[in-house]
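Taken in sequence, the protein lines are chains Y and Z. With my numbering, the residue at position 19 of the first sequence is 19, and numbering never jumps. With my numbering, the residue at position 312 of the second sequence is 969, and numbering never jumps.
To be clear, the hints were calculated from the coordinates, so they are not data collected in a lab. Among these hints, one or two may not hold up.
Subject to a maximum C-alpha distance of 20 Å in a straight line, what follows is the list of computed SDA-like cross-link-like pairs (lysine to any residue) [stated by the list, open to error]:
id: 1; chain 1: Y; residue 1: Lys584; chain 2: Z; residue 2: Leu1276
id: 2; chain 1: Y; residue 1: Lys318; chain 2: Z; residue 2: Gly1249
id: 3; chain 1: Y; residue 1: Lys318; chain 2: Z; residue 2: Thr989
id: 4; chain 1: Y; residue 1: Lys584; chain 2: Z; residue 2: Arg1275
id: 5; chain 1: Z; residue 1: Lys975; chain 2: Y; residue 2: Asp331
id: 6; chain 1: Z; residue 1: Lys1241; chain 2: Y; residue 2: Asp622
id: 7; chain 1: Z; residue 1: Lys975; chain 2: Z; residue 2: Phe1070
id: 8; chain 1: Z; residue 1: Lys1126; chain 2: Z; residue 2: Gly1249
id: 9; chain 1: Z; residue 1: Lys1241; chain 2: Y; residue 2: Thr621
id: 10; chain 1: Z; residue 1: Lys975; chain 2: Y; residue 2: Thr621
id: 11; chain 1: Z; residue 1: Lys1241; chain 2: Z; residue 2: Ala1160
Number of protein chains: 2
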Amino acid sequence: MSDVNTRQVVAIPYENITITDEFWESWLRAIRENTLRSQYEQLATTGCLDNFRRVIGQSDGKFEGMWFEDSDAYKWIEAVSHTLSRTDDPELRERLDDVVSLVVDAQADDGYLNTYVMLEAPNLRSTNLNMLHELYCAGHLIEAAVAHHRATGEERLLAVAQALADLVDGVFGPDGRDGTPGHEEIELALVELYRVTDEVRYLDLARFFIDQRGRGTLKREFENQAEQAGDEDIWDGARSEFFEDGCYDGSYAQDHAPVVEQETVEGHAVRAMYLFAGVADVVLESGGTKLFTALERLWEGMVDRRMYVTGGIGSTHKGERFTEDYHLPNDTSYAETCATVGSIFWNQRMFLLTGDTQYLNLVERTLYNGFLAGISLNATEFFYANPLQVDSDGHALHDVDPIRFSNERQDWFDCACCPPNAARLLASLGDYLYARSASTDAIYVNHFVESEVIFSIRHTDVRLRQETKYPWAGDVTLRIDVAKSVPFPLHVRVPDWCETVSATLNGEELSVDADAEYLTVDREWETDELAVTFEMRPELLVAHPTVRADIGNVALRYGPLIYCLEEVDNERPLHHYAISETGKVEAEFEPGLLNGVVTLTGSARLPATEEWEGTLYRLFTDTATVDAEFTAVPYYAWANREPGEMRVWLRSVLEHD
Amino acid sequence: MSDVNTRQVVAIPYENITITDEFWESWLRAIRENTLRSQYEQLATTGCLDNFRRVIGQSDGKFEGMWFEDSDAYKWIEAVSHTLSRTDDPELRERLDDVVSLVVDAQADDGYLNTYVMLEAPNLRSTNLNMLHELYCAGHLIEAAVAHHRATGEERLLAVAQALADLVDGVFGPDGRDGTPGHEEIELALVELYRVTDEVRYLDLARFFIDQRGRGTLKREFENQAEQAGDEDIWDGARSEFFEDGCYDGSYAQDHAPVVEQETVEGHAVRAMYLFAGVADVVLESGGTKLFTALERLWEGMVDRRMYVTGGIGSTHKGERFTEDYHLPNDTSYAETCATVGSIFWNQRMFLLTGDTQYLNLVERTLYNGFLAGISLNATEFFYANPLQVDSDGHALHDVDPIRFSNERQDWFDCACCPPNAARLLASLGDYLYARSASTDAIYVNHFVESEVIFSIRHTDVRLRQETKYPWAGDVTLRIDVAKSVPFPLHVRVPDWCETVSATLNGEELSVDADAEYLTVDREWETDELAVTFEMRPELLVAHPTVRADIGNVALRYGPLIYCLEEVDNERPLHHYAISETGKVEAEFEPGLLNGVVTLTGSARLPATEEWEGTLYRLFTDTATVDAEFTAVPYYAWANREPGEMRVWLRSVLEHD
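Model the full assembly from the supplied sequences, consistent with the hints where possible.
As structure tokens, then:
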């Protein structure tokens, strides 16, 4: 258990970083050129923007969409703001200005802003923390405002956010009423607002909401509302998630116990991630040993027992939630794209709290696999759920919800949380790449993305250029360029998937400890070249034996990437393939495939299909097997060609030595 | 394709047979002493009998139960009648008389009888063939009446059945209105009624209903009823099964095509089995080459592509129906107990049509496995669905319907079709054991059940005594005792699971063809002893490679029995066991276990569970396996001890030679 209490590390902001990476730049360009434009069209055509116009009196008709629809606009504002920080785009900037103006104009004189409540249910204002998502939407507004301010320097959206935050702060708190949001999000947003405004009230309010969780306020609200429920109750379905056998069970919204006492990650995975990210933010800014200890315990339980090999979380569509330890079905998994975004948020903050690479390793695993699989290669179509196995005709849960469970991505959803969430994370990728110690001169290279970063050590500017073909090869060259020589320790993360590391400094071999979290070079830097090689080769993973869904199966890994078989690349139904030779999987870069990927090919044993005519069951001794080659592609790249079967966990007939 | 057109074989009725078998007698005694009494209590307490009293005016209140609740009483009457034919029981007989009197008194003057319609919806009489199950209930009444007449010689219930059948015959037919039942059952019942009354009108009506199927009458009825549907529409859920994407899809009730044109078994499995049994009955009595050809085609498709290794049918709870070829999930299977009853009905009739043992083999497989698993060892608790795999906490579909999907049997269900259906089949077991040729003197020994049968060949009485410990051993001794010598061929079925057969006649070795359907001894019989040995040993089955759920797995078979692992007999979670040695499975009879069963033990490879602390995914090369022994019990006997995990299909790491 660490005795860390506040921040150990500070992220170097994306303003100081230029990304030139071939792998990631294609995504960032697609976000800028396609995704944010098409998402604007969605906001315009689904009624999301019209809801703001209706509040202003510029549009007729009733509120449209989900009751938390405002948050889609806010996430879009955030994504556009991050994007414009990197590359200006007058057309996008104009749209951003229009949307921001709508939000500014829609705010009530007292600071209130939620178009659903203002248009449809003004009497419900601040009455229903369980279901109404007012504070959730407020959180996304605050995050958008902070990003907009950061990117543009403008104050107008930040002023809206502050006015709303002030209103909320006036209602809740030690001097106001009890309460905590049914859907977390505002906690981390309030800390962001504190960081940009220095108003400690916002930090205190975030801590208040966190401390109130699990202490009965949501339960009491349900009890008080029992008699109010009527026909117009639009959130009946969601409400049922709070009850188990008719009794209140707050675990859906992490309200089953105070955060400091929670033993395991429970309930709706996105809510859990946003909460724990917010808790980490509060600890980052103002400490909290008990909270931090709880975070470590919750993190370990999630990573050790409730996480897909892709970094995906949430094992069931029912409640979009965590289930039980080691319950990780592949075909009925949920692994929501938004939950991976939340997981990356939380892990990044845990890294800032500790400097431990285990959190960076998980950011990497999630980013390259569970998160990226949610987005098409052209970044305009999305998965809500990310199963690790689908049949050729779609998904085991296709009849539950053919839009969310499918082997074809969608450009939007009725509940459209994921697409703009994916966009805002990708657009802020630069924030995750480099960091520096909060107390020393140490610099951290967190992720392997071709880029240039500028920072200053003891008033000397340092330019660090990273060159790499990651994730296709494990060679990373770091070129340091300084005006005058300057000493600092440079920590380069050694990825957890890597067993063999070598490095040279200006061509001279370095002695490297591959078991260390970091490859650290502490010296007086001049114009130097540090070349690191993380040996990358195809590997076979197995899951804990208690995971029923994965028993006897293996997953293919190459560097940070988890692989899958797709129907289009393989002749037989995918369940036929049983990996049969450990060391014989070959990796090859194919530039023309899926924007360029390394494929893995290898040998498998398959059932012979002859002599089955007219028979459904036969003696084992009357059957035979044949050998054939399989081809695997990175999991993130699946479902970008013709729809078909997909499988991450493959049968194996491997023998242990 | 056979050119069989009508009956080849006649069953020797149970009146000529005395069962003395240790295995089956325990079930038959339990039925008589416990089951039929406890089921009477269910009929009395759930309102089923009160519904008849309400019609008569002897009871108050509204109709109780499902709208086809009458059928439960009728199936109980049938089961009691069969049982009393074997062993008199004054208390049971008294209850039977009371229930029969209620039914007799409840019939309307014009012959109509359906307590739901009479009490709740007299205006719906004969208006709703799709959903109302009037003809389904009528069918069960007729079957009950025929059995009651057969067992008691009484006419009073038969008269009720005839009056109702006459009423139905007056409404439907070439001279009446079009129509066919939404839930088949009356077809086979009308043929039974024809057999006992010689009224060819009933046979013609059965053929009419069969011919009307798939010709648009049910579809038109839905169209005409569209405007009638209202709040009191109790069968909304069932109605939805008739529609696919808003369009009528009659496959749920085998109404997608005329029977003679149907290519595959479709829809609700119980309905399909009752229909095809009824079709076979019509062909048995009056021929029909096209119908017979359709039955052969449908049967082959079912057996080759849509049947569990237990004989269970129906792959999903949704619609309780067949799905697609080779879609045979083990944990979400339905395999309804009633569907196995219907399958046994159909297969027995196919045998009578052809004399082919493939139908007897399937009766055996279904009877000893898929059917018997539906009944507890004491015959008082039942499964509705019969999955082939359940988790330790119940079933994958437990949250869909914890009563029907469970690892604990229930004594009754809201929809209580299965318990009395199981009782009536067991109580009439004697009808399935022996048969004779319809045109020659040949005698058939169909099943291996210790018993004595008396029949007459050319006016000479023959007594055939069968001695066997089947299914625990494959030795069958047939002792023939005749007043004077008489020639006839004796056909003894060679079970399809058996590869090695030997036989002696009066101690002298016979030459036997193990590939033949029958071991046939054609001679002038005197006082003779034919001893047959079907070599019984543990075997491993594999499923067709297209069956995704079973790939890489094996099922254990011993003689006619399919085996399973239960949690209580094995130390590790069942998914850990991978069968590793083909020839080393040992069979041993354990008299004290589960009323006496042969258990199978063998060697399996399991994942080593050490060194997993704090890890969810590891390199394959860092893990290891251990060897351990597994213990399997017959599938039919599962869930008779503490509730827990169960698995039929076991992982395997067997190597082909």
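Evaluated hints:
Under the criterion of a C-alpha separation no larger than 20 Å, the hint pairing Lys584(Y) with Leu1276(Z) is consistent with the structure, at around 15 Å. Of the supplied pair hints, the one linking Lys318(Y) and Gly1249(Z) is violated, its CA atoms being roughly 44 Å apart against a limit of 20 Å. In summary, the hint linking Lys318(Y) to Thr989(Z) is supported, as the alpha carbons are separated by about 17 Å, within the 20 Å threshold. At roughly 19 Å between alpha-carbon atoms, Lys584(Y) and Arg1275(Z) fall within 20 Å of each other, so this suggested pair holds.
Between Lys975(Z) and Asp331(Y) the alpha-carbon distance is near 18 Å, which keeps this suggested pair within the 20 Å criterion. For the given pair, Lys1241(Z) sits about 17 Å from Asp622(Y) by alpha-carbon distance, which is consistent with the 20 Å threshold. Of the supplied pair hints, the one linking Lys975(Z) and Phe1070(Z) holds, its CA atoms being roughly 17 Å apart against a limit of 20 Å. Under the criterion of a C-alpha separation no larger than 20 Å, the hint pairing Lys1126(Z) with Gly1249(Z) is consistent with the structure, at around 16 Å.
Pair hint Lys1241(Z) plus Thr621(Y) holds up; C-alpha atoms about 13 Å apart against a cutoff of 20 Å. For a cut-off of 20 Å, the pair hint linking Lys975(Z) to Thr621(Y) is broken: about 36 Å separates their Cα positions. Between Lys1241(Z) and Ala1160(Z) the CA atoms are separated by roughly 27 Å; this puts the pair beyond 20 Å, and the hint is violated.
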